[in-house]
Amino acid sequence: MRKVTVFPKSSEAKKEKIITTLLGSGVILLFLISWELLFQSKLVNPLFISSPSRVVLALITIIRDGSLLQNLTISGQEFVLGYGMAILIGFPIGIMLGWFKLIRAAFGPFIAAMQATPRIALMPLFIIWFGLGITSKIVIVLLSAIFPLIVNLQVAMSTIDNDLMHVARAYGASRWQVFRSIALPTSLPFLITGLRLAASRGLLGVIMAEVFGGAAGLGYMIQYAGSTFQTDKVFAGVLVVAFTGITLDFALDRLGRHFDRWRGEVAVH
Amino acid sequence: MESVKSADTLERPVKLAIKDIVVGYLDKQSGHTMVAVDKVTLDIREGEFVTIVGLSGCGKSTFLNAIAGLVKHQHGEIRVNDRVVTGPGMDRAVVFQKASLLPWRKVGRNITYGLELSGMKQAAAREKASYYVNLIRLNGFEDHYPHQLSGGMQQRVNLARALACDPEVLLLDEPFAALDAITRELMQNELLQLCEKVGKTVLMVTHQIDEAVLLSDRVVIFSSRPAYVLADIRIPIPRPRKSHIKDSEEFRRLMNEIWRVIEGNANIGGGI
Numbered sequence: 001m002r003k004v005t006v007f008p009k010s011s012e013a014k015k016e017k018i019i020t021t022l023l024g025s026g027v028i029l030l031f032l033i034s035w036e037l038l039f040q041s042k043l044v045n046p047l048f049i050s051s052p053s054r055v056v057l058a059l060i061t062i063i064r065d066g067s068l069l070q071n072l073t074i075s076g077q078e079f080v081l082g083y084g085m086a087i088l089i090g091f092p093i094g095i096m097l098g099w100f101k102l103i104r105a106a107f108g109p110f111i112a113a114m115q116a117t118p119r120i121a122l123m124p125l126f127i128i129w130f131g132l133g134i135t136s137k138i139v140i141v142l143l144s145a146i147f148p149l150i151v152n153l154q155v156a157m158s159t160i161d162n163d164l165m166h167v168a169r170a171y172g173a174s175r176w177q178v179f180r181s182i183a184l185p186t187s188l189p190f191l192i193t194g195l196r197l198a199a200s201r202g203l204l205g206v207i208m209a210e211v212f213g214g215a216a217g218l219g220y221m222i223q224y225a226g227s228t229f230q231t232d233k234v235f236a237g238v239l240v241v242a243f244t245g246i247t248l249d250f251a252l253d254r255l256g257r258h259f260d261r262w263r264g265e266v267a268v269h
Numbered sequence: 001m002e003s004v005k006s007a008d009t010l011e012r013p014v015k016l017a018i019k020d021i022v023v024g025y026l027d028k029q030s031g032h033t034m035v036a037v038d039k040v041t042l043d044i045r046e047g048e049f050v051t052i053v054g055l056s057g058c059g060k061s062t063f064l065n066a067i068a069g070l071v072k073h074q075h076g077e078i079r080v081n082d083r084v085v086t087g088p089g090m091d092r093a094v095v096f097q098k099a100s101l102l103p104w105r106k107v108g109r110n111i112t113y114g115l116e117l118s119g120m121k122q123a124a125a126r127e128k129a130s131y132y133v134n135l136i137r138l139n140g141f142e143d144h145y146p147h148q149l150s151g152g153m154q155q156r157v158n159l160a161r162a163l164a165c166d167p168e169v170l171l172l173d174e175p176f177a178a179l180d181a182i183t184r185e186l187m188q189n190e191l192l193q194l195c196e197k198v199g200k201t202v203l204m205v206t207h208q209i210d211e212a213v214l215l216s217d218r219v220v221i222f223s224s225r226p227a228y229v230l231a232d233i234r235i236p237i238p239r240p241r242k243s244h245i246k247d248s249e250e251f252r253r254l255m256n257e258i259w260r261v262i263e264g265n266a267n268i269g270g271g272i
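Protein chains in written order, with this note's numbering: chain P, 1 to 269; chain X, 1 to 272.
Calculated from the structure, these hints are not laboratory results.
Because the structure is a prediction, the values reported are computed rather than measured.
Check each hint, because a few of them may be wrong.
Partner residues are not named here, just some residues of chain X that face chain P (Cβ under 8 Å, in silico) [to be verified]:
#1 24
#2 94
#3 100
#4 103
#5 113
#6 117
#7 120
#8 145
A virtual CB, placed ideally from N, CA and C, is assigned to each residue, including glycine.
So that you can see chain X by itself, here it is in the shape it has in the complex (with noise of 0.2 Å):
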């Protein structure tokens, strides 16, 4: 397949636009309603990589889940294709940093489980599902259990889970957190094939810098909690790319760039 992933994305239409989104949380130990997301605006075009990359807790797992619909915002809107999110809908889908894989169901039917909450039949979820299988190269374990696959063959399945739904936008939450650091990097390059293959819109979640600069077009600072945005960094990197980009030049400027203002609001907000 060609690669339908041009290096400038900027002329494209928005796929997934933030305005302005509050997120509070009820502190248990407190009883006061906490922020955990303070106005942040963000707007995603199609096709786009797009990365959040902050500190442990600093709230941009909880920005996500409510991108997801899983947590309510406060304040603010969030709009996929021009469509208002009120809850979690078929338009997203979210892959989870914990493979959390339906274990009495076997990895085939693991990955129609989106599509069979739809409403879709066992055997048509299967042939809309068998494209990805086929490209995240699970093909011939759909009859395996999940305890019988490795952590990183388990994330591929909650990929394939993800993508079988054909979502406008995908989001996933530490994908790699998980894994050891080998899978952790082989899974990266694979991810990063696959993004370039089949042009979805991604918003990822992530601690590591690496994998943010190697994979996204933008790379986006949250600040320690609350969290809004430090700053916005393209990464103007031609696609596509390879895993050997890490040694370059280029890659370590911007992983610099990402560091240095990640560590500034450390010093000022004291958020470790």
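Bound conformation, chain P alone (with noise of 0.2 Å):
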């Protein structure tokens, strides 16, 4: 009998791995390494634009005196809860505008203005209602990351293969039945991208609003620490966003793989 079998990677292939992981870091390196000179040099104002050591200078103070972890918290809370409520509603609200045409046609537009709006440009209106503690941050998460969930369902929706729905009903599966098994699991890569983009959104969201009127969490840090010129502390807290934004997105995107496996693309364990 026919068995399935996966070739091990050949040494031609790990050849050329290891020559992109080099090029790629190798440019980075040097990024770091002109950039240290360009302080050493002070051809430009060393307080403008500080070096890669006085970053993690910086850092491993602020890791030290405990305001990284503070603020870290603070601003990790107000991203869980938006963006935990976006998915909570924004799940259902996605599949109904995929699943029912005349909730499509009733909600579609109003939608589709509310995405068009620049949610940032609410801030204002959201400290008046919210105040300035985490509830308005939460807020902005929450309008940053709901959207891309709901469009993204709702073009999950409309994928579903025709064949597929009629089997389901020769079999004679109930609208829930056919719901679950073919609708759900065509909706999930979707489901996916929706959260990673959702989470890019929603971490944008938090450094602004942080930024814009915040009293605690990382965009507060930064923006204290650039309006009082420490520039060091400026860049080892983009940094933190940054590596944040990483990990987040590198997870989602191995949970994406994971159910993604009877797609047969490139095994990934």
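Got two chains here, each in a separate frame; can you build the complex from them with the hints?
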């Protein structure tokens, strides 16, 4: 009987991977060295540009004095609550918009208009309504993250294979069973894409909201450091934000591949 | 297993009774209701293999969909075991032209899909399906995803999915039309052996005359649209049959007979 064989990576492919990795990290290293040299040469006012070594020192300082953890916790809280609510609300809305024609006709234009509105422009209103605390930030995250989810799930519903619907109906599936056995699995890859987009938008939302009108959090820390000319600390804060974003995206990408095994793309273990 | 199918099925009780059914559809361009199937009456007895042949687009697939309960009929009555058909149900199972397997389910869970929909637990469904998994020689493939299988294998899973439900009537909608010529011949032989073993009542739709003669006890010829029964021809070739009966004089005579009816209708109706 025929068996499916997975070939091991050839040494040729391994070599190529090493070269790509070297090239990629080489450019980053080159950038860091030039940056440091630019700082040491004092061609530009060192106060403005900082340097990699000073950024690392600043990072160590804010880790030691606990201010990083404190701000990270607050930003994290805002993000998790806003993102979680976006999923809880956005998922059913997206599905319903895709599944029911009438709901789409009724709410589609309204949602498109909402989506076109830049959320951060509403921040002054949210501060008036919810104050400078975490609530106004949660609302910004929620509004930033929810639309990519809604749009992706709505699209997912429109890509459902008609032949599969036919099969489900022929085997006597109820509407709920069709939804569970056909629509939901179809929506999974779209959900992951939506989650990734929503995470990056939500992260942006947290930082912007804190820079704009915060009293705590990473964005506030960056904003405060900037206004007091602590460029080292600004860079350290940006680095932390960037790292968080990359980690989050990587984790969601992994999750997506886990659910995508049946598609038979390059296996990831 | 002994062959449970005797050559003569005329004595058996009627399994699927179709009386005067009319199926219409709304033509979107003209806005008129068109008739696809026009007053077809057909009785299929227990264990009988009946095939409908006709030109493509003659309404034979619509007819099959009506029996499956996927399309509403405007007039007439369909009964399975004397129960009137009002919609899809577990007493009928359809094998579609395209395998249409759920790509995110492994083969094993594709086969049990119909059973799971009927509320059966996964383990019990697997147990019940295992007989057909063995019969269709799919054992060892349960943990493969559909995309890892060839077209012929996928179609076998499609067939196993239908048989696992143990339906009263098996409906085959051009089951091999999407396969290449060689695979199609192999699958025909396999279906022939399978049907002689399990003795299911089968209604198949095809436009392959040789396929129809090889597999069937009766071949029903549909006219071009709207479809009505032009002829109902018995295939008296004894069972068990082997694929080499295609070389026999009788086989060729039957194929010719069917072909002449189709050709005659095409000439009059200009239905090509």
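> Can residue 113 of chain X be said to touch chain P, with a Cβ gap under 8 Å?
Replying inline: 7 Å, holds
> Should the hint that residue 24 of chain X touches chain P count as held when the rule is a Cβ pair under 8 Å?
Replying inline: Violated - the Cβ of residue 24 of chain X stays beyond 8 Å from chain P, reaching only about 20 Å at its closest.
> Holds or violated: is the Cβ of residue 145 of chain X closer than 8 Å to a Cβ in chain P?
Replying inline: 5 Å, holds
> Minimum Cβ distance from residue 103 of chain X to chain P below 8 Å?
Replying inline: Hint holds; residue 103 of chain X Cβ to chain P Cβ min 6 Å, cut 8 Å.
> Does residue 117 of chain X meet its interface restraint, that is, does its C-beta lie within less than 8 Å of any C-beta in chain P?
Replying inline: Residue 117 of chain X check passes; min Cβ-Cβ to chain P is 5 Å, inside 8 Å.
>> Given residue 100 of chain X as an interface hint, is its Cβ closer than 8 Å to any Cβ of chain P?
In response: It holds, given that the least Cβ distance between residue 100 of chain X and chain P is near 4 Å, below 8 Å.
> Taking the closest Cβ pair, is residue 94 of chain X under 8 Å from chain P?
Replying inline: Cβ of residue 94 of chain X sits 5 Å from chain P, so the hint holds.
> Should the hint that residue 120 of chain X touches chain P count as held when the rule is a Cβ pair under 8 Å?
Replying inline: Given a least distance of 12 Å, the restraint on residue 120 of chain X is violated.
Consistency note: the structure conflicts with the earlier hints numbered 1, 7.
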